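Residue-level listing of the chains:
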Amino acid sequence: MSSFTDVNALTERLSTRRVRARNESAWLLPNDGTRFDKALIENMRRHRDADEVDLVIVGCGAGGSTLAQRMARAGWSVVVLEAGPFWDPDAHWVSDEAGSHHLYWTEPRVISGSDPVPLGSNNSGRGVGGSMVHFAGYAPRLHPSDFHTRTVDGVGQDWPIEYADLRPYYERIERELPVAGQHWPWGDPHGYPHAPHPVGGNGEVFLRGAAALGIEARVGPVAITNGRFGNRPHCIYRGFCLQGCKVNAKASPLITHVPDALAHGAEIRSDAMVSAIETDREGRYVTGVRYFLRGREHFQAARMVAVAGYSLETPRLLLNSANKHHPDGLCNEHDLVGRYLMVQGAPQTAGRFAEEVRMYKAPPPEVSCEEFYETDPAKPYRRGFSVQNVSPLPITWAEHVSAQGHWGENLRTYMSDYVHWSTLGALCEFLPLPQNRVTLADQRDRYGLPVVDMSYSMCDNDRALMKAAQARMEEILHAAGAAEVMTIQRFAHLVGGARMGRTAQEGVVDASLRTFSIPNLLITDGSVFPTQGSVNPALTIMALVDRAARLLADGARAGMRSPDPTQHEEYST
Amino acid sequence: MSRASGRELRAAERERVPGGGENERFPGFDVIEQAHTWDATTSGVVLERLGLQPDLRFFGPAEEAAAGALFDHLLAQWEEPRVPVVQMVDARLAEGQTDGWRYEDMPEDGEAWRRSLAALDVDARAAAGEDGVCFANLSREEQADIIRTVQSLESKPWHGMPAGHVWSLWTRYACTAFYSHPWAWNEIGFGGPAYPRGYMRRGVGQREPWEVADTHPEEDPL
Chain A
1 MSSFTDVNAL TERLSTRRVR ARNESAWLLP NDGTRFDKAL IENMRRHRDA
51 DEVDLVIVGC GAGGSTLAQR MARAGWSVVV LEAGPFWDPD AHWVSDEAGS
101 HHLYWTEPRV ISGSDPVPLG SNNSGRGVGG SMVHFAGYAP RLHPSDFHTR
151 TVDGVGQDWP IEYADLRPYY ERIERELPVA GQHWPWGDPH GYPHAPHPVG
201 GNGEVFLRGA AALGIEARVG PVAITNGRFG NRPHCIYRGF CLQGCKVNAK
251 ASPLITHVPD ALAHGAEIRS DAMVSAIETD REGRYVTGVR YFLRGREHFQ
301 AARMVAVAGY SLETPRLLLN SANKHHPDGL CNEHDLVGRY LMVQGAPQTA
351 GRFAEEVRMY KAPPPEVSCE EFYETDPAKP YRRGFSVQNV SPLPITWAEH
401 VSAQGHWGEN LRTYMSDYVH WSTLGALCEF LPLPQNRVTL ADQRDRYGLP
451 VVDMSYSMCD NDRALMKAAQ ARMEEILHAA GAAEVMTIQR FAHLVGGARM
501 GRTAQEGVVD ASLRTFSIPN LLITDGSVFP TQGSVNPALT IMALVDRAAR
551 LLADGARAGM RSPDPTQHEE YST
Chain B
1 MSRASGRELR AAERERVPGG GENERFPGFD VIEQAHTWDA TTSGVVLERL
51 GLQPDLRFFG PAEEAAAGAL FDHLLAQWEE PRVPVVQMVD ARLAEGQTDG
101 WRYEDMPEDG EAWRRSLAAL DVDARAAAGE DGVCFANLSR EEQADIIRTV
151 QSLESKPWHG MPAGHVWSLW TRYACTAFYS HPWAWNEIGF GGPAYPRGYM
201 RRGVGQREPW EVADTHPEED PL
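Protein chains in written order, with UniProt numbering: chain A, 1 to 573; chain B, 1 to 222.
Check the hints yourself; a few may be wrong.
Take a look, some chain B residues computed to stay more than 10 Å from chain A by CB distance [what the hints assert, rightly or not]:
#1 Gly28
#2 Gln53
#3 Ala62
#4 Glu79
#5 Glu80
#6 Pro81
#7 Glu111
#8 Ala128
#9 Glu130
#10 Glu141
#11 Pro157
#12 His159
#13 Ala163
Distance windows between CB atoms, simulated [claimed, not checked]:
#14 Glu297(A) x Asp55(B): 30 to 40 Å
#15 Gly205(B) x Gln404(A): 21 to 31 Å
#16 Ala40(B) x Gly283(A): 52 to 62 Å
#17 Arg115(B) x Ser457(A): 21 to 31 Å
#18 Asp55(B) x Asp280(A): 51 to 61 Å
#19 Arg228(A) x Gly160(B): 50 to 60 Å
#20 Glu208(B) x Pro450(A): 49 to 59 Å
#21 Ala164(A) x Ala40(B): 44 to 54 Å
#22 Ala195(A) x Gly205(B): 18 to 28 Å
No lab work stands behind these hints, which were simulated from the structure alone.
Since the model is a prediction, treat every value here as computed from it, not as a measurement.
Positions of the beta carbon are idealized from the N, C-alpha and C atoms, including for glycine.
Between the sequences and the hints, there should be enough to build the whole structure, so can you do that?
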């Protein structure tokens, strides 16, 4: 063995040791072929409702789980209330599309606007692990330009932080997931802790088309182990990433942060639907949350509350928590709650090849390209898009085919051609617009709570990006040898709805994710994004929350114990 | 049923593609032969679709008749054995298993199904000019005309609902049921569940030893 290899191996061993020292989740999973250690749940610390815990977190997805793990490590007493179940991947998840319906948030919701956005399987999770349980696995970083699009491009909104503020947290989370991929040349160039995965037919087609056009494309970045990591095995390329990874290879907070959170004393109360955040009599600070568990309403007292229900449920909860002092909902003095919601335009273009591609035989995330991410002054639109592999399984493929207007014999014939198609998906940076928002519908759910009405309407820049991205994907597929292409207009991801800002007029939360309105209320999920770039949001959510957790642990706990009016004054200035 | 191995099932399930004919593009391919390599949870869910479906609970007789005729057209299922789409959709509606959203200008899915199926009967009566007629009574060509009309209306209203949103409802439920069925997977050459075994031969032109090559690779459906 050369000394060069020795040094690399040693560096890797040391860095893995550092990961384990701050987050032992991967080593707390079983090593016997089962996927979650039930003893962690059985032996979980349990609080009574009357215990005033340091922190209650609403929602156990990317944001909530990361915060729970970090704060439990910092010695805080933490209770996470999660509306969905505590998943057992062995017993609850299947390698099957229709059989995975329970992974999605399917309580009633209304969609409206000129471009209504389908929810459910498309972008909404439930249960411990949240939407990351069924995300594809792409884990790219935002670019430095994303943090000041208003100043530089005249669109969107500047963040109250810069890329450099997040970089160390990106690096930490990338090691904890861990992320596999080739060296990344775009944005802030960086490498990844795990080597790129071998590609399947779909990725091969993308690489071939990009090479023919002289476009850079890279394998990754995906939050899927390439090699063993703790007790997590390597990927087996079964293709069902969107149905929950039964292998424990693809990252979700259920396996990347929850085990360590439990081991350090956090309590995760699943099947607990939070109905309202309560404030003290004067409405100055929050005192805990009301929630439903097994049909009964409870109240969990807490010194601090963090809402991490994602871009629809977080605004909904704030709006549903209206009281005498906050008649328009909590933190809504400036009519910002629910607004500036964003999805990404996600046109999906497939190409037909005489060879068999069989795109179902690999993780859907394989190759991506950020060549068209930044504003190109020569183009009539601002900002840009990324292009990634997607690999629809039969039901989602049927949706793609039937969107072309095919039904009956045509549908069956097209569908029988499945093995010959390769698919790309774009993520177009839609701009934050005030009229794209969550409000409460007249309809109520089974708890009697008003449900979300999500209104979405694209602007001209959004439309121009969708068209440009589709043209670029068609070009890549043709260059790879496709004889025919077909596209379906889709949307992906959700962010915004309670954005961060420099001032209370500009955002619902500040750069440390504390709400401007109520000093002991935080929002720790994707709803705080002021803009979204052309990346999948999971990694950035975790990095932002990791940063907020660091700030919280470093300083502010003492100030949050039973706040009195004097303390409140300090926080509001 | 859910405990039966793929091999036991195969003897009982001689028909392997919808309609029961030959699998034209992937002759002899039977994804159920791989069921012994699947995990028990997945096998249970998938193999149940080959067994007897629950009795109808949601659709009344008139709705059952209209839905049956509609699905035959949407999925071109003209002969037995059919993928039991009527039963599969009925079960979803009975359980309120929606996609987690509805358009603002549409009722909840169950109500939207009832109204759109009743509307097919109204259109059938108008087309036939007779009171006693229903959609299922019409000839195949007459039924297809009505369905084509709904599709062509796009965002225009059809019996008080935007036709495009009705079309989306119909095709979503129909395709989700049909393409969850192993017979449909056989027809399209899909390898199916792959845990804990995984896929080993990836890449353009690669096949697992048990996968069957397409016999008409040049046959672009265009």
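Tell me, which hint numbers fail for this structure?
none
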